[in-house]
Structures are given as structure tokens and as C-alpha cells.
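Q: Here is how the chains run, residue by residue.
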Amino acid sequence: MRKLYAILFAIAAYVAVSLPAVAQEAAATLDERVNAAFANATGWFVNFIFMSIPGTNFPWIVMWLVIGATVFTIYFAAVQFRFFGHAIGLVKGDYSDPNDAGEVSHFQALATALSGTVGLGNIAGVAVAVGIGGPGATFWMILAGLLGMASKFTECTLGVKYRNEYPDGTVSGGPMYYISKGFNELGLPGGKILAVLFSVFCILGALGGGNMFQANQAHAQITQITGEFPGWITGLVFAAVVFAVIVGGIKSIARVTEKIVPFMGILYVGAAIIVLIVNIDMIGWAFGQIFAGAFTGLGVAGGFVGALIQGFKRAAFSNEAGVGSAAIAHSAVRTKEPITEGFVSLLEPLIDTVVICTMTALVIIISQQLIIDQATGNYMLNEAGTAIATVDGNGGVALTSAAFGSAIGWFPFVLAIAVILFAFSTMISWSYYGLKAWTYLFGEGKTTELIFKLIFCVFIVIGAAASLGPVIDFSDAAIFAMAVVNIFCLYFLMKVVKAELTSYAARLKSGEIKKFTH
Amino acid sequence: MKLVIGLDGQSSGEKALEFAKSVAASSEMCELIVVYVIEWSPFSFQTAEENAERHKRREEEISIAMERVVEPAVATLQAAGHSARAIVRHGDVADTIDAIAHDEGATQIVVARSSAGGFSSRIFGSSTANLVMNARVPVTVVA
Numbered sequence: 001m002r003k004l005y006a007i008l009f010a011i012a013a014y015v016a017v018s019l020p021a022v023a024q025e026a027a028a029t030l031d032e033r034v035n036a037a038f039a040n041a042t043g044w045f046v047n048f049i050f051m052s053i054p055g056t057n058f059p060w061i062v063m064w065l066v067i068g069a070t071v072f073t074i075y076f077a078a079v080q081f082r083f084f085g086h087a088i089g090l091v092k093g094d095y096s097d098p099n100d101a102g103e104v105s106h107f108q109a110l111a112t113a114l115s116g117t118v119g120l121g122n123i124a125g126v127a128v129a130v131g132i133g134g135p136g137a138t139f140w141m142i143l144a145g146l147l148g149m150a151s152k153f154t155e156c157t158l159g160v161k162y163r164n165e166y167p168d169g170t171v172s173g174g175p176m177y178y179i180s181k182g183f184n185e186l187g188l189p190g191g192k193i194l195a196v197l198f199s200v201f202c203i204l205g206a207l208g209g210g211n212m213f214q215a216n217q218a219h220a221q222i223t224q225i226t227g228e229f230p231g232w233i234t235g236l237v238f239a240a241v242v243f244a245v246i247v248g249g250i251k252s253i254a255r256v257t258e259k260i261v262p263f264m265g266i267l268y269v270g271a272a273i274i275v276l277i278v279n280i281d282m283i284g285w286a287f288g289q290i291f292a293g294a295f296t297g298l299g300v301a302g303g304f305v306g307a308l309i310q311g312f313k314r315a316a317f318s319n320e321a322g323v324g325s326a327a328i329a330h331s332a333v334r335t336k337e338p339i340t341e342g343f344v345s346l347l348e349p350l351i352d353t354v355v356i357c358t359m360t361a362l363v364i365i366i367s368q369q370l371i372i373d374q375a376t377g378n379y380m381l382n383e384a385g386t387a388i389a390t391v392d393g394n395g396g397v398a399l400t401s402a403a404f405g406s407a408i409g410w411f412p413f414v415l416a417i418a419v420i421l422f423a424f425s426t427m428i429s430w431s432y433y434g435l436k437a438w439t440y441l442f443g444e445g446k447t448t449e450l451i452f453k454l455i456f457c458v459f460i461v462i463g464a465a466a467s468l469g470p471v472i473d474f475s476d477a478a479i480f481a482m483a484v485v486n487i488f489c490l491y492f493l494m495k496v497v498k499a500e501l502t503s504y505a506a507r508l509k510s511g512e513i514k515k516f517t518h
Numbered sequence: 001m002k003l004v005i006g007l008d009g010q011s012s013g014e015k016a017l018e019f020a021k022s023v024a025a026s027s028e029m030c031e032l033i034v035v036y037v038i039e040w041s042p043f044s045f046q047t048a049e050e051n052a053e054r055h056k057r058r059e060e061e062i063s064i065a066m067e068r069v070v071e072p073a074v075a076t077l078q079a080a081g082h083s084a085r086a087i088v089r090h091g092d093v094a095d096t097i098d099a100i101a102h103d104e105g106a107t108q109i110v111v112a113r114s115s116a117g118g119f120s121s122r123i124f125g126s127s128t129a130n131l132v133m134n135a136r137v138p139v140t141v142v143a
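Protein sequence lines, in the order shown, are assigned to chains H and P.
Take the first sequence: its letters are residues 1 to 518, numbered as in the numbering used here.
Take the second sequence: its letters are residues 1 to 143, numbered as in the numbering used here.
Read the hints as simulated data drawn from the structure, not as lab findings.
Heads up, the beta-carbon is just placed ideally off N, CA and C, and yes, glycines get one too.
One thing to keep in mind: the hints can contain errors.
Derived lysine to aspartate or glutamate pairs resembling EDC-like cross-links, with alpha carbons at most 20 Å apart [what the hints assert, rightly or not]:
| hint | chain 1 | residue 1 | chain 2 | residue 2 |
| --- | --- | --- | --- | --- |
| 1 | H | Lys514 | H | Asp100 |
| 2 | P | Lys15 | H | Glu444 |
| 3 | H | Lys515 | P | Glu39 |
| 4 | H | Lys336 | P | Glu53 |
| 5 | H | Lys259 | P | Glu50 |
| 6 | P | Lys21 | H | Asp94 |
| 7 | H | Lys514 | H | Glu165 |
| 8 | H | Lys514 | P | Asp103 |
| 9 | H | Lys259 | P | Glu60 |
| 10 | H | Lys453 | P | Asp103 |
| 11 | H | Lys92 | P | Asp92 |
| 12 | H | Lys446 | P | Glu61 |
| 13 | H | Lys92 | P | Glu60 |
| 14 | H | Lys92 | P | Glu39 |
| 15 | H | Lys515 | P | Glu50 |
| 16 | H | Lys251 | P | Glu60 |
| 17 | P | Lys56 | H | Asp100 |
| 18 | P | Lys56 | H | Glu165 |
| 19 | P | Lys56 | H | Asp94 |
| 20 | H | Lys515 | H | Asp94 |
| 21 | H | Lys251 | P | Glu61 |
| 22 | P | Lys2 | P | Glu28 |
Quick partial rundown of chain H residues pointing at chain P, CB under 7 Å, derived from the structure [stated by the list, open to error]:
| hint | residue |
| --- | --- |
| 23 | Ser105 |
| 24 | Gly169 |
| 25 | Thr170 |
| 26 | Ala254 |
| 27 | Gly306 |
| 28 | Ala332 |
| 29 | Gly395 |
| 30 | Tyr432 |
Partner residues aside, some chain H positions facing chain P, computed with beta carbon under 8 Å [unchecked claim]:
| hint | residue |
| --- | --- |
| 31 | Thr73 |
| 32 | Phe107 |
| 33 | Asp168 |
| 34 | Asn184 |
| 35 | Gly187 |
| 36 | Pro189 |
| 37 | Lys192 |
| 38 | Arg255 |
| 39 | Pro262 |
| 40 | Ala402 |
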């Protein structure tokens, strides 16, 4: 281990010493080379996942997610609204047995899962959605968030029900376990193959959305403040810190992050609320833009369908409902009733998408960073015609930063710190999700785990060096590929959840399940 | 009569035990319940990995507390001829000791004077002070 540290420090020292000497352009060509190689290697996969339904320009994968979330919402008779109050009660600990004190609480499981999802998707992803799909994308994002609550409920209930509990008291859970065990229990064939397929996509998702996208956008945010410098430097620094945590076992860094991230989240929402209060007279107008844009597109590329696609895509990318990742995080909770964790998890898309993403979208719309053609009232497209023209020509996280900066001058600095911490905590969470999929495939063991962790660190550098386009495409594709397998399997397993729900609801009504008085 | 003795793993706990013994000696039938609370909140933030290992850690924490703090105390009390048993729980120290005393129907709680002092106790208060202020059972604080 010491040797590894020595090598790492040597690399860092080399970078520090040679940085001024290495010409910027040489570094830029390295970035370009990484970028081109990456785009070539992943193009076919991205094209397949985002293939349009024949005769339309609607990607089949977006339809797949929306249909899944709608089916679960109908099948469980709007469980996300009927049991919303109960979910809050569970998180508050009203139904927690005092004798279980010291085990993972519902609140802790929710907070851990949220720190994996609240992050750049809420800051950068929303900016991408609104930047391309216009304000109308926000409407579809909120709708996708509300429907997604039912997907989350389904997968997290199964995550707890079919997790593995080992003799030493540790647990492992997630779609790969409920797919293989659940299919087996129901006498369905192919469970093992689907579980393996899911694990492969989960590893790719961990390296893509859970890693490269984070590193990429963190670098973009840093350069906003420091000025341009090559991405691989940011990547190397991030990789070194992540390496120290997941390989070096320096857990204190992760612990500190886990404690700071929730406060960063509160700070972010607080700042958004301040911006909205300052511009309170424009909120009505902003919502008007959101509704008008949702059904007309207000001149964005692809019209209202373009807004819809962007909204649904970014919502799914941000809250990960139907993707299966949260089921891994939620499966650690100690409960006699797996369904209680399902109820708790349905709060996640609500907090992540309906609250935080909407805040970001409102701030971007109100700050008027998106240029409106005064003659038509529609948004103007940039030269390439791919996105809405912005005041500074920004997109992604830079657009959010500029939007906040126009109201609170110093906020981009706070946002930069928040982005770095969010990126870091999401990477740590996804390194765990990816690792669980990896060990499901290759077995648990020090060497196999180390190989995955090293690959994970290498991808951080690649992610920071590549440009946004190919990275965001690959990240989306990998995460959505997880949803393809997961939702397909959830259709078969949802009757298991239904049985749990019926039994639990009856016992809750009869008073058999009651609150503990603390 | 039932007495709940709250220990915090510090040497001052000895004094609480001595006091409880003297009270128990003056009564014919007295059961002594030795309690140790592992400070824990259900509202803290943890990583996914910590969550996965939480059950294992909890078992370890309980067995360490039993072994190092509570069982030696129970052994001393039993050696002195008293009826004694042990409880180890996770939670907020003051709330949990009070809840145990209340549920067990104890006549009083005996704790040692808080060993923490200075800055942190000024900001956060001490468990002993919280217990004294909020307990539903009489509390004796042994100096």
C-alpha cells in the first residue's frame, strides 16, 4: 500500500513541477486524444440506447422509463400519494422499535441514498435540460419525478426483501440479488442471466454517470473560477482522493463528506429560495414559461417533444428511479417489513427532482440567462441550432453558476465548493454500487475488489479530461441500460411487492402496526 | 425496590455503584439494574459501506460495553450479595436511561456527576444535567 502511495505522490509531484513547463497546447492535445478515443469507443452503445422509435424522433428508452413509472403508479394505485404521510412518519422514527436502536435507521438509509443521487444531476443536469429543452422541460421533469416515486418504491422494497445477509452481520443487496433470487422463487427462468446483465450495466453506470460525468462537471466548475487548465489535472487530484478513501481505507474523508454534503444541499436550496424571493414578482412568469413551454416548446429544438424528452431524461438521470442503484443503498436498513423501506425511498425522487431540480430550473429561468427573441416570445437557438442561446454562451453547470451569480455575485464560489463535494460524494456512493455489482460477478475478495477500485480511479481522470458531449452521452446510456434490465424484471416481480403492500396496509389499518411512543 | 444505575465507563461510575450498594443494603428486596448507553442517533449521516456493516458494528459495540463496563460492575454487585443485571442500549444517554427506569418501574436512578466539563458541556449540556431535568423517576447524582 505504501508503495502505491509513493507512486501516487511521485505522479502528483511530477505534475506540480512540470505543469508550467508543459505547454498548454500539449496538454490540450492529450485531452483531445482522450476525447476522440472515448467517443469512438462508446458511440455504438450510445446510439443503440438512444435509438428513436421508428417514424418518430422519440428515443425508445425515454418511453420505456415513463411507461414503467406509469405502470407502477397505476398497479400500486398511486402508492406515492396514499402512503406519503406514512413515509414521513417512518423517517421520523415513529414506527421504529426502540430495541432496534443502533441499527441503520430509515432516515440514515434515505440520507445515504440521497447523497448518491443529489448532486450534479440537480445542478448541471437540469441546466442541460432547460438549456436544450427550454423551461417546458421542467414540467416534464416534475411529472417524471412524481411518477418515478412508484418505481423507486417497487425496487427498494425488493432490495430489502431479497438482500443477502452474511454470517458476520454485513449485508449486500440490490437488483442483481432480487432479480436472481426473486425469479428463482417465482419459478421464472433467466434470473441469473438478467442479474449478470444488470451487473455489467451497473459497472458501466458507476464508471459513467457515477464517475466520469461527476469529474467532468466538477472540472468545468473549477475552471469557471480559476480559468482554463487541462482536465486531467483535476482528474488526477480527484482520483488521488477517491483512491485514498476506497483503496487506502481513509474512511474519515468519506465520513466528513457525508456530514458536509447534506448541509451543502440545504445551503443550495436556501440560496435558490433567496434568489426566488428576491425575484418573487417573476415567479408567476416563470411558471407561465414552464407550462407554455411544456406544450408548445417555445421555439426549442424539437418543439414540445424536445422539451419532454429532455425533462424525462434528466429527471431519470437525477433521481435514478427505475435504474436500480437506490435499491443497493436502501438494502442495508434493518427492518422486519421490507415494504417500509419502499415507502421511505419514494421520498427520494420527490426531494431530488420535484424540489431541488425545480429550484435550479426556476433560478435559471428567472435569471434570464436564456435569450428570448422579443419579437416572437420564443427562445433563440444557438448557431448550431442544438440548444438555446445563453447570455454567456454557457451550458451545463456553467449555466447554473451564471444564473446564481447574476443574483448573488459571490455564489459561484460556494457553488464550486458544493459541486466538488457533491461530485465527490456521488463518486464514493457509486464506487460502492459498482463494487457490489463487480463482486456479484467476480466474487468477493481483496484482489477482485482492488481491481475494480483501480479501474474506477482511472475513469475519473478520463472523465475529467473528456469534453461534456461524449461523457454525458455515455453516462446517460450506461445508466439507462441499467433501467432496461431493472424495469423489465420489476414487471415480473411487482406482484411480490403487491402482496407485501396488501398485507402491510391491512395490518396498518387494523392497528397491528402501530406507532411506538418514545 | 428497583434501582437503575447509569454508568458512563468512567472511574466516577464506581462512586455511583458504591452509593447504590449502600441504598440496596438498607432495603430487604432490592434489584439493581446496571445500564450503559452507547451514544447514537438515528438521524446521523453514514456512507453506504458503513450502513452495510452497521449490524455487525452494533453487535461489537454491545459486546465491548458488556465486557468492559457493565459485566464487571454486575459481578461486583453480585459478589456483594445483591441481585443485579445488565442492560446495554444505543440511543441518547439521558432519554434512554429515563426510558429504561420508567419501563422497569424503578424507584430511582443513580448516576455519577458528569465527568465532562468545560466548553463542550457549556454548548451541548451534559447527559447528567439533561437526565436530571427530564427524568420521570427521581434521580440521585453522586458527587
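Q: All hints, please: hold or fail.
A: Right, here's what the structure says about each hint:
no.: 1; hint: H:Lys514 x H:Asp100; verdict: 16 Å, holds
no.: 2; hint: P:Lys15 x H:Glu444; verdict: 49 Å, violated
no.: 3; hint: H:Lys515 x P:Glu39; verdict: 23 Å, violated
no.: 4; hint: H:Lys336 x P:Glu53; verdict: 18 Å, holds
no.: 5; hint: H:Lys259 x P:Glu50; verdict: 13 Å, holds
no.: 6; hint: P:Lys21 x H:Asp94; verdict: 38 Å, violated
no.: 7; hint: H:Lys514 x H:Glu165; verdict: 27 Å, violated
no.: 8; hint: H:Lys514 x P:Asp103; verdict: 18 Å, holds
no.: 9; hint: H:Lys259 x P:Glu60; verdict: 24 Å, violated
no.: 10; hint: H:Lys453 x P:Asp103; verdict: 49 Å, violated
no.: 11; hint: H:Lys92 x P:Asp92; verdict: 15 Å, holds
no.: 12; hint: H:Lys446 x P:Glu61; verdict: 25 Å, violated
no.: 13; hint: H:Lys92 x P:Glu60; verdict: 26 Å, violated
no.: 14; hint: H:Lys92 x P:Glu39; verdict: 18 Å, holds
no.: 15; hint: H:Lys515 x P:Glu50; verdict: 27 Å, violated
no.: 16; hint: H:Lys251 x P:Glu60; verdict: 19 Å, holds
no.: 17; hint: P:Lys56 x H:Asp100; verdict: 13 Å, holds
no.: 18; hint: P:Lys56 x H:Glu165; verdict: 11 Å, holds
no.: 19; hint: P:Lys56 x H:Asp94; verdict: 24 Å, violated
no.: 20; hint: H:Lys515 x H:Asp94; verdict: 5 Å, holds
no.: 21; hint: H:Lys251 x P:Glu61; verdict: 19 Å, holds
no.: 22; hint: P:Lys2 x P:Glu28; verdict: 11 Å, holds
no.: 23; hint: Ser105; verdict: 3 Å, holds
no.: 24; hint: Gly169; verdict: 3 Å, holds
no.: 25; hint: Thr170; verdict: 5 Å, holds
no.: 26; hint: Ala254; verdict: 5 Å, holds
no.: 27; hint: Gly306; verdict: 36 Å, violated
no.: 28; hint: Ala332; verdict: 4 Å, holds
no.: 29; hint: Gly395; verdict: 31 Å, violated
no.: 30; hint: Tyr432; verdict: 4 Å, holds
no.: 31; hint: Thr73; verdict: 27 Å, violated
no.: 32; hint: Phe107; verdict: 5 Å, holds
no.: 33; hint: Asp168; verdict: 6 Å, holds
no.: 34; hint: Asn184; verdict: 23 Å, violated
no.: 35; hint: Gly187; verdict: 30 Å, violated
no.: 36; hint: Pro189; verdict: 30 Å, violated
no.: 37; hint: Lys192; verdict: 23 Å, violated
no.: 38; hint: Arg255; verdict: 7 Å, holds
no.: 39; hint: Pro262; verdict: 6 Å, holds
no.: 40; hint: Ala402; verdict: 31 Å, violated
In this structure, the earlier hints numbered 2, 3, 6, 7, 9, 10, 12, 13, 15, 19, 27, 29, 31, 34, 35, 36, 37 and 40 are contradicted, and the remaining ones agree with it.
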